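Trainee: The task is simple: from the sequences and hints, build the whole structure.
The sequence shown runs 4 to 283 under the numbering used here.
Calculated from the structure, these hints are not laboratory results. These numbers come from a predicted model, not from an experiment. Among the hints, a few may not be true.
Unchecked claim - Below are the DMTMM-like pairs computed for lysine to aspartate or glutamate, each with C-alpha atoms no more than 25 Å apart in a straight line:
(1) Lys177 x Asp164
(2) Lys242 x Asp56
(3) Lys113 x Asp70
As the list claims (entries may be wrong) - Computed beta-carbon distance windows for the label pairs:
(4) Ala4 x Gly28: 44 to 54 Å
(5) Gln157 x Gly28: 47 to 57 Å
(6) Phe31 x Leu151: 37 to 47 Å
(7) Glu134 x Trp57: 21 to 31 Å
(8) Asp64 x Lys39: 32 to 42 Å
(9) Asn280 x Ile237: 38 to 48 Å
(10) Lys261 x Gln21: 48 to 58 Å
(11) Asn249 x Trp57: 43 to 53 Å
(12) Glu236 x Asn162: 29 to 39 Å
(13) Leu59 x Glu226: 33 to 43 Å
(14) Ser58 x Glu134: 19 to 29 Å
(15) Leu59 x Lys39: 25 to 35 Å
(16) Gln248 x Asn162: 31 to 41 Å
(17) Asn162 x Leu235: 21 to 31 Å
Glycine included, each C-beta is placed from N, C-alpha and C at the ideal position.
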Amino acid sequence: AHWLVHAPIHTKNKELLQYYSDKLGIDFPTKNIPIKTGGQTNPFYGSMVTTLDWSLGRVVDLLKKTDDPRNPGKKLYETTYIIFSSDNGAVEKANGDIVTDNFPLDQGKKYAQEGGIRVPFLVKWPLKIKEPKTTDIPVTGLDIYPTLLDVVKQKQNTNLDGVSLLPYLTDNKKIEERSLFWHFPIYLQAVNPKKEQARDPLFRTRPGSVVRKGKWKLHEYFEDNALELYNLEIDIQEKNDVSSQNPEIVKELYQELKAWRNNTNAPVPTKLNQEYNPNK
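Mentor: The structure is reproduced here in structure tokens:
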């Protein structure tokens, strides 16, 4: 797991800072802090992304130069299964400063909106994956373990949450559509009440769960039992709650969500905090 591009947002590479500052037409930054320029225009963040690219490139270059002792005539690059992804979406702000922009996705890291949970997932395995391919069917980090078990031909009888992606990658078999779940039953990080957040201005996240099935995504908030439904096919920004127009879909997804929580013993807060003071 790589620390880049995690906060704190800074770099020691002055050449990269100069390069991105010149591209932006701004004065060279003199402090190791993000500057408020908005969108994809933070030279510190750009420098961090480039450094991450270089780091990954060093690993790939070594694989290309190294013989595979188990496969004579092959380099490790040809026989190594490489996965490149992220554990969450990018953070848009750090310490009040603009870091990056997840547009057209809404919000960012720690949110259940697409900006917080939708990330790229790239796989390379030259020996087995011959042709480039893409899919818009969602997969999850939970699929990595069963996929790697499949790669090394290791059977696993345990009931796993993920599925192997190998049949799709090597044999063009279809990835079956399934429901995906996210559960975050806590408050996280009080924020500046003057800055608008996803649901209210006091916390970065509020307790709730999410289920995604096909184009539909249902949010549940535990405080007031509110349900919000979004059609990601036409509303990737999750701006138009269509729950009132699709009561049957809401009912179906809500039942699935509750059944999943029950099957996984997912905790749901039910008691009010008597010491909470909304005016403090």
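Trainee: Are the hints correct? Go through all of them and say.
Mentor: Evaluated hints:
Among the hinted pairs, Lys177 with Asp164 is consistent with the structure: their alpha-carbon atoms are about 18 Å apart, no more than 25 Å. The hinted pair formed by Lys242 and Asp56 fails the criterion: a straight-line CA distance of about 33 Å is larger than 25 Å. About 41 Å separates the Cα atoms of Lys113 and Asp70, which puts this hinted pair outside 25 Å; it is violated. Take Ala4 and Gly28: their Cβ atoms lie about 35 Å apart, and the range 44 to 54 Å is violated.
Distance hint check for Gln157 and Gly28: the Cβ-Cβ separation is about 54 Å, which falls inside the suggested range of 47 to 57 Å. Here the CB-CB span from Phe31 to Leu151 is close to 44 Å, well matched to the stated 37 to 47 Å. A hinted range of 21 to 31 Å holds for the C-beta pair Glu134 and Trp57, which are about 28 Å apart. The supplied range of 32 to 42 Å is met by Asp64 and Lys39, whose beta-carbon atoms lie about 37 Å from each other.
Taking the beta carbon of each, Asn280 and Ile237 are about 41 Å apart, inside 38 to 48 Å as hinted. Between Lys261 and Gln21 the beta carbon distance is about 55 Å. The supplied range of 48 to 58 Å therefore holds. The beta-carbon spacing between Asn249 and Trp57, approximately 47 Å, falls within the hinted interval of 43 to 53 Å. Checked against the hint of 29 to 39 Å, the pair Glu236 and Asn162 passes, with Cβ atoms roughly 31 Å apart.
Between Leu59 and Glu226 the beta carbons are some 41 Å apart, a value that agrees with the proposed interval 33 to 43 Å. Between Ser58 and Glu134 the CB atoms are about 28 Å apart, so this pair conforms to the stated range of 19 to 29 Å. A beta carbon spacing of about 29 Å between Leu59 and Lys39 agrees with the range 25 to 35 Å that was offered as a hint. Between Gln248 and Asn162 the C-beta distance comes to about 36 Å, which sits within the given range of 31 to 41 Å.
For the hinted restraint 21 to 31 Å between Asn162 and Leu235, the CB-CB distance of approximately 28 Å keeps it satisfied.
Going through the hint list in order, the structure does not satisfy hints 2, 3 and 4.
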